[in-house]
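Protein chains in written order, with full-length UniProt numbering: chain L, 1 to 109; chain D, 1 to 109; chain Z, 1 to 109.
There's no promise every hint is true.
[As the list claims (entries may be wrong)] Only pairs whose alpha carbons sit at most 30 angstroms apart, straight line, appear in this in silico DSS-like list of lysine-lysine:
#1 D/LYS26 to Z/LYS66
#2 Z/LYS23 to L/LYS66
#3 Z/LYS11 to D/LYS11
#4 Z/LYS61 to D/LYS23
#5 L/LYS11 to Z/LYS23
#6 Z/LYS61 to Z/LYS11
#7 L/LYS23 to D/LYS66
#8 Z/LYS66 to Z/LYS11
#9 D/LYS66 to D/LYS23
#10 Z/LYS66 to Z/LYS23
#11 D/LYS11 to L/LYS11
#12 Z/LYS23 to L/LYS61
Hints in this document: simulated from the structure, not taken from any laboratory.
Keep in mind that this is a model prediction, so the values were computed, not measured.
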Amino acid sequence: MKLIIAVIEDKDSHRLIDALSEKEYKTTKLSTTGGFLKEGNTTLMIGCNSDAVDDALEIIKNKTSKREQMVAPISPMGGNADSYIPRPINIEVGGATVFVLPVDQFLQF
Amino acid sequence: MKLIIAVIEDKDSHRLIDALSEKEYKTTKLSTTGGFLKEGNTTLMIGCNSDAVDDALEIIKNKTSKREQMVAPISPMGGNADSYIPRPINIEVGGATVFVLPVDQFLQF
Amino acid sequence: MKLIIAVIEDKDSHRLIDALSEKEYKTTKLSTTGGFLKEGNTTLMIGCNSDAVDDALEIIKNKTSKREQMVAPISPMGGNADSYIPRPINIEVGGATVFVLPVDQFLQF
Ligand code: NI
Ligand code: NI
Ligand code: NI
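Just chain L, same shape as in the assembly (with noise of 0.2 angstroms):
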């Protein structure tokens, strides 16, 4: 048995958690600030067998890897709207920070 300890951005724990409940992965969710990574982050503690880490730790990356977004940026304010056009900009959202940890023992009551 381990503990996966995943620092994760809050905008991919949704998509995260699901990809990982179909796998049947349970996983507790952490309210966490700042950290790891930028603000709005999600610590997540997953419990899994050991040999089954590594197929976890795919489901992890697959879904949160550092990745370019495009986003149309804010136009702006006061300067002359009319001549201004918008181009959309790459910005890096997403990554994640993992720890494994090993368990001396696991309990369910």
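Using the hints provided, position chains D and Z with the ligands relative to the given structure of chain L.
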């Protein structure tokens, strides 16, 4: 030294923390959502000496084990309330998911 | 790699996180209640290389150690305020409970 991480139902947290305090176990409560159990759970971190782990686990088991609870059902809305005889029903409550983690160093400043 | 879990007082968390950031330690802050210390504490998770643990612990100790603080007492309500001379009193603040956990794997995606 071990670190016990217990994910329990919110409703069991007060009585468990009380029971652990009586035996001088120190607990830290993290707010959690979703997870190993139903919505509305709490994660407790309990630091304890290696030779006290079994005793602490026994207390956790006693205060959180899954059990049946009789609840009065809500009477059906819009139905003929006069002829409706509410019968208490059994629901399952409680439960705990517990990890005992090894600790390299324990310090208090 | 080690995972340091530090339960500290809320009021010490900002200056500790700042001090850890200056040395490039990355921290994640969990909201916690009750616990090892008085009400109003914070749990920090700090990932660091095994050979940096002592340095990180030194920073935690410096920023959180129990210490006396002079506070002006509230003047007694309904008493004869004219004849009441408030004298600052010493209260104990700070303190940290720290676990250093072994880590099997550390990954960043
Ligand atoms: Ni969904
Ligand atoms: Ni009580
Ligand atoms: Ni600052």
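*Please work out if Z/LYS23 and L/LYS66 have their alpha carbons no farther apart than 30 angstroms.*
Answer holds: Z/LYS23 to L/LYS66 is near 24 angstroms, not above 30 angstroms.
*Straight-line alpha-carbon gap D/LYS26 to Z/LYS66, limit 30 angstroms*: The hint holds at about 18 angstroms.
*Does the structure keep D/LYS11 and L/LYS11 at a Cα separation of 30 angstroms or less?*
holds, 29 angstroms
*Starting from Z/LYS23, check that the Cα of L/LYS61 is at most 30 angstroms away, please.*
Holds - the C-alpha atoms of L/LYS61 and Z/LYS23 are around 28 angstroms apart, at most 30 angstroms.
*Can the restraint linking Z/LYS61 and Z/LYS11 be considered satisfied, given a maximum Cα separation of 30 angstroms?*
holds, 14 angstroms
*Does the alpha-carbon distance linking L/LYS23 and D/LYS66 stay inside the 30 angstroms limit?*
Answer holds: L/LYS23 to D/LYS66 is near 24 angstroms, not above 30 angstroms.
*Do the alpha carbons of Z/LYS61 and D/LYS23 lie within 30 angstroms of each other, as the hint requires?*
holds, 28 angstroms
*Would the pair Z/LYS66 and Z/LYS23 pass a check requiring their Cα atoms to be no farther apart than 30 angstroms?*
Within the cut-off at roughly 23 angstroms; holds.
*Do the alpha carbons of Z/LYS11 and D/LYS11 lie within 30 angstroms of each other, as the hint requires?*
With Cα atoms ~29 angstroms apart, Z/LYS11 and D/LYS11 stay inside 30 angstroms; holds.
*Decide if the proposed pair is consistent with the structure: L/LYS11 and Z/LYS23, CA atoms, cutoff 30 angstroms inclusive.*
holds, 29 angstroms
*asked:* Can you confirm whether the C-alpha distance between D/LYS66 and D/LYS23 stays at or below 30 angstroms?
replied: Satisfied, since the Cα-Cα distance of roughly 23 angstroms is no more than 30 angstroms.
*Z/LYS66 and Z/LYS11: Cα distance at most 30 angstroms?*
Distance of about 12 angstroms is within 30 angstroms: holds.
In this structure, none of the earlier numbered hints is contradicted; all agree with it.
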